[in-house]
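Enquirer: Given the structure of chain A, go ahead and fit chains B and C onto it with the hints provided.
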Amino acid sequence: MNRRAFLRAAGVGGVGVTIAGCSTGNGGDDDGNETNDTDTGDANETDSNATGDEASGDDGTDGEDDANDTGPNGTGSNGTDDNATDGANGTDGNGDDGHDLVVTVEDEAGEPVDDAIVRIRTEGDILGGLFGGEETEEAATDSDGEVVAEGLSDGTYTVAAESGDLSGEREVEIDGDSAEVTVAVVEQTEGRLRIATYSSMVDGEEPAGVWLKEAFEERYPDVTIEWTVPEAGVNHYIQRAQQDAGIDVDVYFGLNVDDLVRIDDTLDEQLFASLERDRVERADRVRDDPAVEFGDPDDRVLPYDTGYISLVYDEGEVEGPESFEDLVDPAYEGTLLAQNAQDSDPGRAFLLWTIDAYGADGYLDYWRELVDNDVRILGSWDDAYSAYENAERPMVVSYSTDQVYTNRYDGDMSRSQIAFLEDQGYANPEGMAVFEGSENADLAYAFMDFVLSSEAQAEIAVRNVQFPAVADEHVDLDAEYDEYAHEPPESIALGYEELSGNLGGWIEDWAREIASQ
Amino acid sequence: MSSRAGGPGGRRDGRSRRSGRNRLRGWAGRHALTVLAVATAAILAVMLYLPVGIVFSQAVFSEGTPTLSAFRAVLADPFYTGALAGVLADPLAIGAHVEGVLEWLRAGAPVPRMGLFGFTAYQAALSTVASVLLGLPAAYVLATYEFRGRRTIRSLTILPFVLPGIMVAVGFYAMFGRDGTLNAALDFAGLGPVDFIGYSPLAVVIVAHAFYNAPLVARVTLAAWESVDRRAVETARSLGAGPGRAFRDVVVPQLLPAVLTGALLTFVFTFMTFPIVLALGGLGLATVEVWIYDRISQLAVAEAATLAVLETVLTLGLTYAYLRYESAQAGMSRGDASPAREPLFPDLRTALSARRLAVLAYGAVAVVVFVGPMASMVVGGVTDGGGFTLRHYRFLAERQATGAAYQTLPWPAIRNSLLFGVATLAVALPMGVTISVLTVRSRWGTAIDALAMVPLAVSGVVFGIGLLEGLVFGTDIGGFRLQVTGAAAIVAAHAVAAYPFVVRNVSPLLADLDPALVESARALGASRARALLDVELPLVASGIVAGAAFAFAISIGEFSSTVILASGSDAYTMPVAVERYLGRRNGPAIAMGTVLLVVTAASFVVVDRVGGRFEA
Amino acid sequence: MTELALDGVSKAYDETTALRDVSLAVADGEFFTLVGPSGCGKTTTLRTIAGFEEPTAGEVRFDGESVTGLGPEARDVGVVFQNYALFPHMSVAENVGYGLKFRDSGTASSEARIEELLELVDLSGMGEREPSQLSGGQQQRVALARALAPEPSLLLLDEPMSALDARLRESLRRQVKRIQSELSITTVYVTHDQEEALAISDRLAVMNEGRVEQIGTPEAIYRRPRTRFVAEFVGDNNVLAGEVRGREDDRLRVGVDGGEFAIGDPVADSGRDSGDRDGGVESAPSPGDRIIFCVRPEALREDAETNRVRVSVEGQEFHGESVRVDGRWGETPIVLRLPDVPTHEELTVGFEPEAAHVVERE
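Residue numbers (the working numbering), protein chains in the order written: chain A, 1 to 517; chain B, 1 to 616; chain C, 1 to 362.
One should not assume that every hint holds.
[Stated by the list, open to error] Now the stretches of chain B that chain C is said to cover, found in silico as 3 or more residues with beta-carbon under 8 angstroms:
1. 473-486
2. 532-539
[Said to hold, decoys possible] Estimated spans, in silico, between C-beta atoms of each pair:
3. Tyr13(C) - Val598(B): 52 to 60 angstroms
4. Gly53(B) - Tyr358(A): 54 to 62 angstroms
5. Val379(B) - Asp265(A): 38 to 46 angstroms
6. Arg103(C) - Gly479(B): 47 to 55 angstroms
7. Glu513(A) - Ser200(B): 15 to 23 angstroms
Simulated from the structure, these hints should not be mistaken for lab results. Even glycine gets a Cβ: it sits at the ideal position worked out from N, Cα and C.
So that you can see chain A by itself, here it is in the shape it has in the complex (with noise of 0.2 angstroms):
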């Protein structure tokens, strides 16, 4: 799946690759191609992983594939970029040499650009006598944004379009057929932006900071994100504050709730600064639902994605529980598998459930009820996980995409069932702000702004198997994410307000109640 999606990352939102046909000669395979599996024309992905699709669109039916393309495609659908394309391709079948090239030129929202001069180069050589017979070395696209370079022969070439201050840039392979590519143009900034963030984006299976990087600096061509990955995270950056040690990120990638209480209870000055959302036009996509709200005072925090908490139990050994008071059932005994509130996230966010629900007054007793019925609270996540792979207990708090993994693994889904205590789920969503002080404020709105592109929603959402931060229309997913990512019916979030000044006591109180000697 990464690897489809990766292809397809060549043409993000808005800026629309998809190169298309290229061998399969079925045409309609929007998906990346280029590679390899493409070849098989269907299955492509080698992989596993998505399927869903695979079988479904690639064959031959051109016009919908992209419906099923999984993943991101463009915006508003797969049929922009692809619908384009199926006519164009399989259809062209010259033969090899004198293959057709059809370059569309749009800017960032998308809309195609007319009069905008193309130039198509290889090896570093602009070629001549491509449009339309003429000799001349480049062309200007007609009203739908549209040029047709003829006669390529096999072999890779980089195409070129500006339209005034805007440019942009892409690479296409010809490979024994026409093809397809689209350019977006735009302001070119150049510049270092330096982002920090936490190790899974970055070391992960499917890191999304690294697809992150290579379709922003593609888009961006003389830009380069630079990765750092502090071990304290946000930490850090809190005590070199402190210290006066200096700052030199631009970007912090992967906040939550509790950071931002933890920041302000420790500094006076600001980290982040405060949002100019006019400067991320995609800022009015993120959609209105608590998943996704910070509650922050100050609005320094963009979401990205978010997650929600719930149980993972084996239907086989317990029946999946439905409210909290299940749990401290009988039935229930010695069953739950949960972790450090102190340290672990879904840890704290099932506290946070727990305090939403009983009150911070209640849920102390609530917890005694827990331990009573032989609740096992271990360390971090992985160690709870753990436990559960191994059938230690039959039910462990964990997040509610959990089948996508066990599908992704080949495991049980038995074993991989979720269940919404009280038809809700605990979200923790994650954002990323701007360091107050940095100095490409520039670059990083404009990266903030890609993430929030449909390309980049849907990447991260299946990277980091959690769900987009943007309204449902603004992002594709494909159907197997739907299938196995569960989002429970009703979302619960204690935001900033509530937990500013009162998070460390809340889980104070708590950790000397469990581990009280």
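Expert: Chains B and C only, in chain A's frame:
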């Protein structure tokens, strides 16, 4: 024989005629020990005392003014000190305390509340006992019997010591879990599944501690066992003592200091245990270190520092007490003749004797406790939900082949671990030997020795924060900003963590050395350093080799300092890579952990073989 | 070779004083012994000469030049320890050759020198052995060879024989003496065995509690002890205290509990000793003075006519050429050396007035 002109005067003239290079060498020889001592002190000052001082001082200074209020708050809190809280809150209210004790007795003397510190000490004591009980038989078998693979097993005993906590937790669940290997074996034998882990979380944690530390006890004891002078045993036998009696009277006194060293180290380590407790036991078994970690995560550094200071005072105090005992031990001269080993299974009849059967029984236990989790770990690296798979290793290979420079790649991690390990040896061995030489026969020796053990007695997480605040962020020292990061800092941090092991292995042997040997060398013209090199070091070689093995192990397994100093650079090591590969499914991390296991095992075998050539 | 001088050397540790104002001089090529009971400071003196200890007061001089502050490796001394301190991890040849490494000689000449020394101590051909394979006496000889190999100016030996049996001790000390005189190397030898000291030294110093009691030739020490301690420490002796009753000619009449003796006038027969120790008697004792005098056991003879006393026999040791007899005269223990085993339980012995030696005033 010709008579010579002039005594010392004549000789001094002769010496000044020597070349400049010789003179430099002469200067270096005379002052080598001083130079080494200064270098050691400098490294310790920058890499140990500065970071630790920065954090500890926050326990005592609140906004610039010194205060003990933080300590009072902790000591008077029953959560931390249990039943002693009342006494510590107001030590002088003797009357109230006596009344309290009487009341307690009247109530039937129920088990008093331990508090966090009490519980931590309690589980550490149990863990120490378990480690000694599991480790001594291993030393016995390796010292007494000869069997195929003995040398390799001996080299590998220290392997569990370097494994990251995550791996051990995974291994334990995989081995002892309801769905684990042991239960699978029991199932095969028709016995029902047993809930090993659920039965007593405390017991599991203690066994996990023993997993880590029994090898330490075994290794240290084994080194001493192999130095026992056979002639002393023979003398005892000739005087009428039976084998058991001779063992008890002659061998045990020589082993006791080593066993106690192992026990002390185990107690200190398990007192400061952290990830394993939460991973296997849960928050209900929290130790002081868990709280320190939490306070640091909440950036409540002052509170963390207070707890850390108390923790260090306790462990250092214990260490000092032990060192007093060790220095009071009359040195038994090291024998050249170590006891011969007997073959383990020479024939069927011997194989069935009670002693051999007991050895076999212990072997089975060792396999279950030590090999089991490690093997289960390895199996975990080639499994996923669907059974056998190589995808995790494929991930590692792909990451290595196609990963970007800012990602964590497997090969640099392996290469760095090995390089840092060797570099650590190069730094920690001279450091440790220098300290041993300086403390062995000096008046302040015991106190300096205890201070030299500080790296063992300080919380890893606190040390990490100190490194971060002091060295990574930089410290202003009189206008000069001191910043130390990168590979050199990592090696120095590893050396600082490792040298106490060198000292602990070399000092006892050095103390036993006849001072007349060094004096003879010096009278014959050797400088202090030359005498050290020619006479002392060869005679304590076995201690140096043992210390080297530990130092290497410490370096390979070091995590908390490395992860901070490697942040943002490509100086990461294997344990750091394991942690970074941890995702929602731990397959890739386990695969990396297996790589760590294999690479480390191979290294130990090499270190031991190389070292073996230096030993006698 | 070298002249050694100690000038007012004192050595104090925290709570104890090991040496008090020790002064002595050793001539070039002389075999000088420090003898005394355990704890008397003889080993400390030796270590101070070697440079293992620095004096807290006073000076050590080699050939008139102070060596204060010089480490042992710079003093050019050869040391043989009580337990030999052979390097167990080196062969005999490597041990012997160790000191040669710090002289700029080449390998060939080193090898030759090692051979030369092994021959000197009668251990030719044993170069490849390990110290653990040698007997005590052999180890001691290797230690000696090792100390001598670098041609030191001074040879220091710290009770090298104490770990050996009596027979071996005797033959080895003769060997050491022979080598020493052959090489003419200035030697300081430490022992607690006064008999050994008397046997091999050119001169010796008797030490007690950090002080030098007396320095002199073996004969002077033996015959004319200048302090009670020396009189009692060196050899068997009968030490008596008494009051001078009068002087006749060159005889003193001394009254002792139970009797009166006529002994030689000390001033009249005092010899010239080197070693300037207080004690002894420079001026003639007058009537009324209390003095200490001694009579060697061998001077008490049955056939002497003066100063006769009756001694009861309590024990005896047969020594071949003589018999040592423990007896008692009244309350006073008396030691005799008789040519034959006594036949009765009581004997009468006496001594010539010249055989008695006035040690010091009380």
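Enquirer: Now tell me, hint by hint, if it's right for this structure.
Expert: Structure-based check of each hint:
1. Closer than 8 angstroms: that is the beta-carbon criterion, and the region 473-486 of chain B has 0 residues meeting it against chain C, so the requirement of 3 is violated.
2. With 4 residues having a Cβ less than 8 angstroms from any Cβ of chain C, the region 532-539 of chain B passes the three-residue criterion, so the hint holds.
3. In this structure the hint that tyrosine 13(C) and valine 598(B) lie 52 to 60 angstroms apart at CB holds, the actual value being about 57 angstroms.
4. The supplied range of 54 to 62 angstroms is broken by glycine 53(B) and tyrosine 358(A), whose beta-carbon atoms lie about 45 angstroms from each other.
5. The hinted window of 38 to 46 angstroms between valine 379(B) and aspartate 265(A) holds, with their beta carbons roughly 45 angstroms apart.
6. Distance hint check: the CB atoms of arginine 103(C) and glycine 479(B) are about 51 angstroms apart, consistent with the given range 47 to 55 angstroms.
7. Checked against the given bound of 15 to 23 angstroms, the beta carbons of glutamate 513(A) and serine 200(B), roughly 21 angstroms apart, stay inside it.
In this structure, the hints that do not hold are numbers 1, 4, in rising order.
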